[in-house]
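Asker: Sequence:
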Amino acid sequence: MIRELFQISNLLSLLRIFLVIPFWLMMEASVYDQNRIILIGLCLFAGVTDILDGYLARKLNQITELGKILDPLADKICVAAIFLKLYLLGEIPLFLTAVVVGRDVLIVIAALLVSKRIKKVLPSNMLGKITVLVICFYILIVLYGVPKDHMLNMSFLYASVSMIFISLIGYGIRAKEFVEKD
10 MIRELFQISN LLSLLRIFLV IPFWLMMEAS VYDQNRIILI GLCLFAGVTD
60 ILDGYLARKL NQITELGKIL DPLADKICVA AIFLKLYLLG EIPLFLTAVV
110 VGRDVLIVIA ALLVSKRIKK VLPSNMLGKI TVLVICFYIL IVLYGVPKDH
160 MLNMSFLYAS VSMIFISLIG YGIRAKEFVE KD
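For the sequence shown, the numbering used here gives the first residue as 10, with consecutive numbering after it.
The set of hints was computed from the structure by calculation and includes no laboratory data.
It cannot be assumed that every hint is accurate.
Each computed DSS-like pair below joins lysine-lysine, with the alpha-carbon atoms no more than 27 Å apart [unchecked claim]:
hint, residue 1, residue 2
1, LYS85, LYS129
2, LYS125, LYS85
3, LYS128, LYS190
4, LYS68, LYS85
5, LYS185, LYS128
6, LYS138, LYS128
7, LYS157, LYS125
8, LYS77, LYS185
9, LYS77, LYS129
10, LYS125, LYS185
11, LYS85, LYS157
12, LYS85, LYS138
13, LYS128, LYS85
14, LYS125, LYS77
15, LYS138, LYS185
16, LYS190, LYS138
17, LYS68, LYS129
18, LYS85, LYS185
19, LYS138, LYS125
20, LYS125, LYS190
21, LYS190, LYS129
22, LYS157, LYS77
23, LYS138, LYS68
24, LYS138, LYS157
25, LYS185, LYS129
26, LYS77, LYS138
27, LYS128, LYS68
Label-pair ranges, simulated between beta-carbon atoms [as the list claims (entries may be wrong)]:
hint, residue 1, residue 2, range
28, MET135, ILE17, 21 to 29 Å
29, ALA168, ARG67, 46 to 54 Å
30, LEU98, SER171, 21 to 29 Å
31, ILE72, ILE46, 31 to 39 Å
32, ALA119, ALA38, 34 to 42 Å
33, LEU122, LEU93, 24 to 32 Å
34, ARG67, LEU161, 16 to 24 Å
35, ILE127, LEU14, 32 to 40 Å
We treat Cβ as the ideally placed atom computed from N, Cα and C, and that holds for glycine.
Using the sequences plus the hints, can you model the full thing?
Answerer: The structure is reproduced here in structure tokens:
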């Protein structure tokens, strides 16, 4: 387990978790507006590490049970922390923060229950990845400063909510299939 932790793909997932600290500090109300471009850069960097960790795990034949847990967990921690801070800054509505964080909590709980039952970790799926991508675009739009009532902002807000519910249904169906197959 310790050796797996130090594989490059898992280190990239850990790095994404630790990126929450500079995100949170740079999003303090007193310096938030001055740091928007840096925050966008950090968000893009986190996205690159997310793509790279999966790519490197496959390319280097380093797919591990730890990585299957760490990668989506890093995504969930980053997104939850950013959404919470954006809500506290008044940039996004409470209902969206609750839906995003609620989805992730439900997915983690369900994944733990299913994994315990089938004795393996469920790999992430394309629907979940697309949902995270849509949510990340919404975060970038908000960080860029697009007004809340602007069509682009509203479109990605509603697209995010729609994808969250679609992905929850998809996760439910998938979990049921894994349990029934076991």
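Asker: Indicate, hint by hint, whether the structure satisfies it.
Answerer: These are the hints, each one checked on the structure:
At roughly 20 Å between alpha-carbon atoms, LYS85 and LYS129 fall within 27 Å of each other, so this suggested pair holds. Of the pairs offered as hints, the one joining LYS125 and LYS85 holds, with about 20 Å between alpha carbons and a cut-off of 27 Å not exceeded. For the given pair, LYS128 sits about 12 Å from LYS190 by alpha-carbon distance, which is consistent with the 27 Å threshold. The straight-line distance between the Cα atoms of LYS68 and LYS85 is roughly 24 Å, inside the 27 Å bound, and the hint therefore holds.
A hinted pair counts as satisfied when its Cα atoms are at most 27 Å apart, and LYS185 with LYS128 qualifies at roughly 15 Å. The straight-line distance between the Cα atoms of LYS138 and LYS128 is roughly 23 Å, inside the 27 Å bound, and the hint therefore holds. Pair hint LYS157 plus LYS125 does not hold up; C-alpha atoms about 42 Å apart against a cutoff of 27 Å. In summary, the hint linking LYS77 to LYS185 is supported, as the alpha carbons are separated by about 19 Å, within the 27 Å threshold.
With a C-alpha separation of about 10 Å, the suggested pairing of LYS77 with LYS129 holds against the 27 Å cut-off. For the hint pairing LYS125 with LYS185, the CA-to-CA distance comes to about 14 Å; that is within 27 Å, so the pair holds. A C-alpha spacing of about 24 Å is found between LYS85 and LYS157, which places the hinted pair at or below 27 Å, so the restraint holds. Of the pairs offered as hints, the one joining LYS85 and LYS138 holds, with about 11 Å between alpha carbons and a cut-off of 27 Å not exceeded.
Distance restraint check for LYS128 and LYS85: the Cα-Cα separation of roughly 22 Å lies within the 27 Å cut-off, and the hinted pair is therefore satisfied. Proposed proximity of LYS125 and LYS77 is supported: the alpha carbons are some 14 Å apart, at most 27 Å. A C-alpha spacing of about 19 Å is found between LYS138 and LYS185, which places the hinted pair at or below 27 Å, so the restraint holds. Between LYS190 and LYS138, the direct Cα distance comes to roughly 24 Å. Compliance with the 27 Å bound is thereby established for this hinted pair.
For the proposed pair LYS68 and LYS129, the alpha carbon gap of about 22 Å is at most 27 Å, so the pair holds. Taken as a hint, the LYS85 and LYS185 pair is honoured in the structure, with Cα atoms around 22 Å apart against an allowance of 27 Å. With a CA separation close to 23 Å, the supplied pair LYS138 and LYS125 stays within the 27 Å bound. Distance check on the hinted pair: LYS125 and LYS190 sit about 14 Å apart at the alpha-carbon level, within 27 Å; holds.
At roughly 13 Å between alpha-carbon atoms, LYS190 and LYS129 fall within 27 Å of each other, so this suggested pair holds. A hinted pair counts as satisfied when its Cα atoms are at most 27 Å apart, and LYS157 with LYS77 does not qualify at roughly 35 Å. Pair hint LYS138 plus LYS68 holds up; C-alpha atoms about 19 Å apart against a cutoff of 27 Å. In summary, the hint linking LYS138 to LYS157 is supported, as the alpha carbons are separated by about 25 Å, within the 27 Å threshold.
Between LYS185 and LYS129 the CA atoms are separated by roughly 14 Å; this keeps the pair inside 27 Å, and the hint holds. Of the supplied pair hints, the one linking LYS77 and LYS138 holds, its CA atoms being roughly 13 Å apart against a limit of 27 Å. With a C-alpha separation of about 25 Å, the suggested pair LYS128 and LYS68 falls inside the 27 Å cut-off, and the hint holds. Checking the proposed 21 to 29 Å range against MET135 and ILE17 shows it holds: the Cβ atoms sit about 23 Å from each other.
In this structure the hint that ALA168 and ARG67 lie 46 to 54 Å apart at CB is violated, the actual value being about 28 Å. Range check, LEU98 to SER171: about 24 Å between beta-carbon atoms, so the 21 to 29 Å window is met. For the pair ILE72 and ILE46, the supplied restraint of 31 to 39 Å holds, since their beta-carbon distance comes to about 35 Å. One distance hint, 34 to 42 Å for the beta-carbon pair ALA119 and ALA38, holds here, with the actual separation near 35 Å.
Remark: the range hint 24 to 32 Å for LEU122 to LEU93 is upheld by a beta-carbon distance near 25 Å. Between ARG67 and LEU161 the beta carbon distance is about 34 Å. The supplied range of 16 to 24 Å is therefore violated. A C-beta distance of roughly 24 Å is found between ILE127 and LEU14, which places it outside the suggested range of 32 to 40 Å.
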